[in-house]
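Engineer: What follows is each chain in one-letter form.
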Amino acid sequence: MTHKEELYNCTYQSCKDYKSNYKHIGKPYERKDAMEKVTGSARYAFDAEVPGMLHAKVLHSPYARAKIVSVDCSKAKALPGVKAVLTGDDSDLLVGLYMEDKWVFAKGETRYQGEAVAAVAATTEAIAEEAVSLIEVEYEVLEPVVGLDKALEADILVHENIAEINHVEGVFFPQPNSNIASLNKSRRGDLETGFAEADHILENEFSLPAVAHVPIETHVAIAQYNPFTGRIKIISSAQSPFALRQMLASTLGIKESDIEVQVPYVGGAFGGKAGIHLEPLICLLSREAGGAPVKLKLSREQEFNYMATRAAMRGKIRTGVKNDGTMVAADIVYDWDSGAYADYGVNVGKTAVYGGLGPYEIENASIVSRTIYTNKVYSTAYRGFGHLETLWTVERQVDILSQKLGIDPYEFRMKNLLKAGDLTMTGELVTPSTGSPIDCLQAAVKEIGWTGRKSEAEREREWKTGKVRGTGFAMVHKAPAMPPNAASSIIMQMQGDGHVKVMVGGIDYGQGLITAVSQITAQELDLPMEMIEVVRGVNTETNPYDWNTVASKYAFMGGNATIKAARNMVDQMKDIASQILRVSKESLDHGDGYIFYKHDPSVRVAYKDMAYGYAYPNGNGIGGPLISHGYFTAERLTNLDHETGQGTPALAWTFGCHAVNIELDVHSGEITVLKVASAFDCGQVLNERMVYSQVMGGVVQGIGSAILEGYKFDDNNVLQNPSFTDNKIPTMKDMPLEVVPIYIENPQLNGPYGARGVAEHTMISIPSAIGNAVYDATGINFYRLPLTPENVALGIKSGKKDIY
Amino acid sequence: MSEDIDPTMLLLHFLRDRLKLFGTKEACGEGECGACTIVMDGEAVNSCLVLAIEAQGSEITTVEGLSRDGELSILQQEFINGDALQCGFCTPGFLMSARALLDRNPDPSDDDIIEGLSGNLCRCTGYRQIFEAVKRAAKREREELSRS
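Those protein sequences? They're chains R and P, same order as listed. Each residue of the first sequence is one higher than the one before, counting from 897 in the working numbering. Each residue of the second sequence is one higher than the one before, counting from 157 in the working numbering.
The shape of chain R in the complex, shown without the other chains:
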């Protein structure tokens, strides 16, 4: 037996033996927070009011790049009701997640249209709005850096001081005298040898525009600076309160412990509310206004203009393949048009070097990823970042390769997909515990009814009817992008009535974290779901630490932390119960709200009777309030080597496959998605109802990226579509006729009950699958998103077979 087979057999057995009958895990429980949300009683930061609160409005730069010659705020300051007016002259604070490259207010120069130039706090929104209109700014318009090619020429630099920008060293690599915010690389094998072995070499370029996250609740925050204590209190729609606190402390030069961040319900996030956004600006306004609380809520137009986007991307890929379909070499360059500031963008770029090869074993490969500054609204994390974009490149390329070789795209993928014993791009060993992309491909392709590509004759016949149909599929793989030592933690407290209060550090912005944590607690303590109460909202003063709520990692990390906290609770209860019942701890078990003697379960003590310490009939007390905690820190992950990209970045790879049937109107270019079959190797479904919801939502968000959405800028990088009228997202009319989710459950042995995250994954290769289906339907390859009716119809009209 080879080492590869041995490894497979041994881990395969562990996975097969994995326990899968649970009382609460996997069950389709209702969302715990649903009652508040259907009655209008759920409170969001948008709804928050603080006594004495002022309202802020922001003045934005109308130009992508301009010198600020002068700012005159005298009229604004004189307006009755105005309590504070600030500009770049009043502050020299820098802010940034991975690179401290952004002034709180533009200073000397504006770098994107929409950047904050000044802001006002006043007693009413109307007064603040009027005051902003009274601020007079004189600009000297400068030539902006528009597009990747111009940025790479480096004739004009978005940041002159790029070499001096404070950044996370060893992870991000800004290039001096350039517009490259970070250059990241990975490589394996030898490209030259690989291409020499290839029978065919195919080179292509794929691209996609910036898109908006569109949380229905726009960004909103309240800040109050206490001039006596120096402490700051924030209420925010943020998805990562602890990261926000850390960055705000760094920007303001104060202690983290002097900042309190409260996050109530959040009305959608999708990555756009990770990091730090409005908070520094309103902290400064509150300080200027003598400590009055200041609220800033963004309009939808500001959400498009001022807040970060998903970056536009261009992927150049050259693949070497043998006649039998084995890919032997891939040389890929990803360039991210990331806008004026790095924010999360550099991390998106970094993600591409470990995720950008697709879920394939290709022996010789190189990925270069460049996050590039340009003068436009900056970019940040967006659902499945670094993967949707790179899968648009890889999964289209793989499909085109199979066309050129005349091999069925299913067979082509089967030949190349990762399996146990293979190494990923960064050298991680794949085991059965990693999950199986092959299982996902087979399941999705079966469900969609794939029988092979259409022939040219079939296409011609159908074309005459005006509507053509096609089927396509594309693989999904995604691992969380996070620091290798990221942590989650949980605190549990037993109540006198036997209920359990659970405090989390992660934010439930709709993904169902509160419900998942409740189920895991119920499972471990063997209590009914009604007796588990996850405390709503997160406050950094009281809730336990969590690095960030991003990247589909909470179920895994928060789930493991919950298991540990619950087991710690059981352990503490057994300690006391062994004294009460005069039985050794080892002879005790737990269930149904009791610690009991295994030999005679009638010898028992209720959880609730130990909640605050146990009282004997004579009044003697032992034990004390039952408070437990648990944490989970990612295990054995590493930073990547800068030159080779080798290392261990992935907490968990969740594999999947989307397959779609579409109908395309050959005259209008309109694409109708008829059916989607989506398979994911989620290890273990934690809540069937909520995984289903993730799939339904992710698929439609993916359809948005595929056929509808995208920012449009003019030649000077001024945004042309900052509203729902022109920057549309899917409505109920865009819902596919049928979506079939398929859950594959190859357990990950270090995940909670074997589970992996499945959230972003539900979206990320929908565009690729639709692109592949468009080829099947029309025989035309599209290389650029979105596949709007306009783009598709023009493509067809051009008579070309390749539309760039």
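Take the hints with a grain of salt, since some may be wrong.
Stated by the list, open to error - Here are the simulated EDC-like cross-link-like pairs (lysine to aspartate or glutamate), alpha carbons at most 16 Å apart as the crow flies:
(1) 1629(R) to 267(P)
(2) 1360(R) to 1561(R)
(3) 1494(R) to 1482(R)
(4) 176(P) to 943(R)
No lab work stands behind these hints, which were simulated from the structure alone. A quick note: this is a predicted structure, and the numbers were derived from the prediction, not measured.
Keeping the supplied structure of chain R fixed, place chain P upon it in accordance with the hints.
Structural biologist: The following block gives chain P in isolation, referenced to the frame of chain R:
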């Protein structure tokens, strides 16, 4: 009820700022997303496009008025049963658009539901479960009506 107001005040802001009925949300302020939908004299309207004074003498229902005596309406129950919500921010608007639809047309076709709710944007759910919830609620409401 009767209140003195600024004639330029929007109905949305009257509900939220004056009456502190925070269930009705604002997400675009331009009538393009439906988050602020309320039922006014039987019609679903975007309360961000209506002046408060235009509502004089009208009967207004907001999400807070959907349940009676602490009992959820069938529509709300079906939203919970069908997991027709995630972040919840658009949910009140959807509930109100659906309420107006079912009051007007107790037996809507699939297309009627899609048409009636396509003015409401949701970024989380992908709409499928909202659609199904409204369909089931319509059926249950009809059954309830025929029983009574």
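Engineer: A separate judgement is required for each hint: does it hold in the structure or not?
Structural biologist: Results of checking the hints against the structure:
Pair hint residue 1629(R) plus residue 267(P) holds up; C-alpha atoms about 9 Å apart against a cutoff of 16 Å. Between residue 1360(R) and residue 1561(R) the alpha-carbon distance is near 11 Å, which keeps this suggested pair within the 16 Å criterion. Our distance criterion of 16 Å between C-alpha atoms is met by residue 1494(R) and residue 1482(R), whose separation comes to about 9 Å. With a CA separation close to 9 Å, the supplied pair residue 176(P) and residue 943(R) stays within the 16 Å bound.
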